[in-house]
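**Q** These protein sequence lines map, in sequence, to chains A and B.
The numbering used here puts the first residue of the first sequence at 1, with every later residue one more than the last.
The numbering used here puts the first residue of the second sequence at 1001, with every later residue one more than the last.
Just so you know, not all the hints are guaranteed correct.
Result set (DMTMM-like, lysine to aspartate or glutamate): computed pairs, CA atoms no more than 25 Å apart in a straight line [what the hints assert, rightly or not]:
(1) A:Lys562 / B:Glu1029
(2) A:Lys507 / B:Asp1023
(3) A:Lys513 / B:Asp1023
(4) A:Lys562 / B:Asp1017
(5) B:Lys1144 / B:Glu1419
(6) A:Lys513 / B:Glu1441
(7) B:Lys1263 / A:Glu407
(8) B:Lys1098 / A:Glu543
(9) B:Lys1098 / A:Asp296
(10) B:Lys1263 / A:Glu95
(11) A:Lys562 / B:Asp1045
(12) A:Lys513 / B:Asp1045
(13) B:Lys1098 / A:Glu407
(14) B:Lys1098 / A:Asp134
(15) A:Lys507 / A:Glu529
Calculated from the structure, these hints are not laboratory results.
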Amino acid sequence: MSCVPVVGIDVGGSNTDAALIICGEVAGTAKVPTDPDSLIHSTAAAFEEALQAAGCVRKPFELHLSTTLSTNAIVEGRGDPTLALAVPGPGMRVEDLGLRFPIQQIAGSIDHRGRVTGPVDMESVHRALRAAADRGVTALSIAGKFSHRNPCHELQIEQAAQAGYPEFTSVTTGHRVSGRSNFPRRLATAYLNASIARQQGVFVEMVEELMLRERGAARGTATAIGKAFLLKANGGTMRLAESARRPIEAILSGPAASTMGALALAANPGANAAVIDIGGTTTDISVLVAGIPVFDRLGAVISGHATLVPALFSRSIGLGGDSEVRAEQSAIRIGPRRAGTPTILGGTALTPTDAATALGLAAIGASHRHLGRAVEALAAFGEPIGLAPMAAAEAIVSAFAAQLAAEIDSAYRQLESAPVYTVSEMLAPRDIRPRSLIGLGAPAPVFVPRAAALMGLSFELLPHHAAANAVGAAASRPTASITLHADTALGTLTIPEAGYSTTVPLKPAFDLKRARAEALSWAGRAAVELGLDAADDASIVEEESFNVVRGFRTVGHIYSIKAQVRPEAQRIGSLCSAMGESTGGTGGR
Amino acid sequence: MQSAAYRVGLVFFPAFDWAISPDHPEREERLLYTRDQIAEEGLLDVEGIQEYRPLIASDADICRAHICVPTVNSVVTQSHRIAAGGSMLAADLVLEGKADRAFALLRPPGHHAMRIVHGSRGFCNVNNEAIMVEHIRSVYGADKRIAIVDTDAHHADGTQDIFYNDPGVLHISLHQDGRTLYPGTGFANERGGPAAYGMTINVPLPPGTGDPGMLYVMDHLVLPILRDWQPDLIVNAAGQDNHYTDPLTSMSFTAQGYARLTKMLAPDIVVLEGGYSIEGALPYVNLGILLALAGMDTSAVREPDWQPEVAAESREVGYAIARTVETLQDMWSARRDADLEAIFGSGRFFHRRREIYYDTDNIAERQTEQIRLCGGACSGWRSIRSEALHAFTGRTVRIGAVIVPRRACAQCRRDAQGEFEQMSADARAGCLDFAYLQDIEGNASAVRS
């Protein structure tokens, strides 16, 4: 266990949380409101407060940051103007891809095995680059169909841009963003990455300055910067500096932070469990199988853009402490809309928070001076459906738990219905069903035990739950994944993410065992590039091996291997009683 | 993300760990490049195209369409059960309204598997379309009128056999002329049994038939017949070996042709059959079919080596096709005027003898069959005695089977029961190895000798 202090900061939509971890224990936490116009100020403020709460620990430290910067840039459409070049070749019409940004089509094609079947039209590439550069465009993305099997067209265009068009300061090629199949997603991922890279670069510089300042205060010297990392959507981190090249991987890190927080803090993280993060407006459901977070099958979807960004599976539902409560005939439905501020907190809306507080189940941060009004609201709600105020409150809490249980079940059904392509997987489906629910978020102590009881599961409520996201960010480590595709019949091997292509011989000189070793070593190397200390912790997560038979003769093999240094959370103990938060407990049946 | 005009349920199961044998055309690699193409095109991100995990067909599901000798497990693998179950699921998706159309893109194929199954023939063990049709009629109504249009380059002799005397199923098979290709059957004069005469339609096409010829047959024969018969469901058994790059056939159809055919036919359910040009045809043909089913633009679907000449047909081929179509048009319009007594005799039973060869498993089967000419709404009980010589082992298996059709009359049901008891006695006496009763509306049973 590393004893370098780690400050985890989660910049959320409304609050920025910080947690200081020293020697595997939470030494302090802080919460400041997020300033949407200056995420760096929120970061600095939360950082300062966390250090103060811990009694001003000032030594070399690591900063682990989960921020909405790149997410916001995309969601709010604030990316830089970007020239998106696409080399689609035959197939689905590019006009039908439903992309949310303009693209320039370039003739040229590569087939499913990575063979060039039509040359790239460099003349139109130059025309497009010139025209965009003249308009002042500085970001460029290049993506071709099957470029993950053969990046030569993308590289040819990239070289042309670098050689003749210095205007393009941010260039992203599709094969480098992911080695997985899906041309429209590759196009979108490369485009989004190119469009936010400059802003990410500015942010990186600001954080580095902040780090220098903090270090300088401690040692009176500004020469060395403490290590800084950014959390990714897959629950892993990357070196802050690296994020300027691949900012797209930092989108949607918030839900990942909460899953990683659960892994870091849970009493028994090795079992199958569902992580339930209940907030005011939404509840996020993520899934642990044997203690390993489950990934989204294809990649993150952000603001209508489907991408290839590796992300943890997370289902977000409109169910939270501030959700709307309404009676439909005799049934009570909660959400998906947010009702507004709960009555008990001085608002006018009847919410699950009001019901829970009236029943004495929840100690809401605010005082209970509005309790009377909440009971009145419950009475008004209960009357038409024949329920006394406390019975109505009980019914609302039960309805919330029932809806939550149903949504959890539906999330598992969605995961279980994922297609499989082999007989053995059809016959022996993996058991991913949860043994327990891990709850975090302020309303969790009220609703998670009830949902667990309905599902016949045990439950656990996380300590420091309000800062669990910041703890999750602090506990995460660098991750990387690579995709190796070797086709010995053609003699080719590519690892697109690493920009690596080479030639391979036939069996026995090259076989599955060698392909595996190669994949593991490249995944380890990629993780070291992102800041991991040692390269020896990669594992193979997907593997396919085929005989290539032509004319009743085996002429080679195709190996497709995905290797990964997977997300892992440092275990964080729960000592701090100074936190003033419920430390929860375990229970259930 | 873009959206489809029709919601398409895709049941994709490439069986990446199953092969007849490592170098066989029906091997793990067959749908690899199709998977790569579909994944790379991002088709599964299209709003309205949804992928589903197949079901696993049970013994009962399989035995509605087949008599498996000696047992279901002895002639099918789990892979066959999944391909059949995937086809059933495709039907469920459409009939339960979860999709407007469905595509069972899976292997192994099935259209050469006949009612009685001693082993594998034409790479097929059990018939995916037939199991699906019987599933539909058992779950969603026995009176569903179902048309199967088989566009594989090989005659769908198995499907034809299973629905040979079934008036509820219209079976149209377009294929390369049986004189030039396995299984050597599928001529215009094979028109169905006494209770379903004219409901089997075979369209033998000359080698070299390309897009114009196939689409001419669709336009002038298949679509008019479908408009005339008004099926509740149209099933396309979509073999992809009419493609100009297929190694086993001699046709000149293209991915564009398949896409246009699919648009014209507008099938409710598509089930993959054969097609062994796994790199040059399948990725593009399957893409074309999927886009066409979804009602999306297919104009940019093209094989990398496509040239305008590849689908060209000689003038002779065009004439031959036009003549075949004309003959079949006449046969369809005159089907009710046919003199059934002249064809099937005027006795109580129609008898036929057949020899069936199982190329994949090297089995020679001899069948004698009798069909009760019952008349009216009852299509008549049938009995089949079958003797199969398994050349690899030298073993001969003799069975008897009695088949009670859907909506059999009480008399036929009684007579069938009587015949089954006779066969069971023969089995006990050692004259038969097994006796089977297939009673789709009751329960199938078998007796061992």
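**Q** Taking the numbered hints from earlier one at a time, note which ones the structure violates and give those numbers from smallest to largest.
**A** 5, 6, 7, 8, 12, 14 and 15
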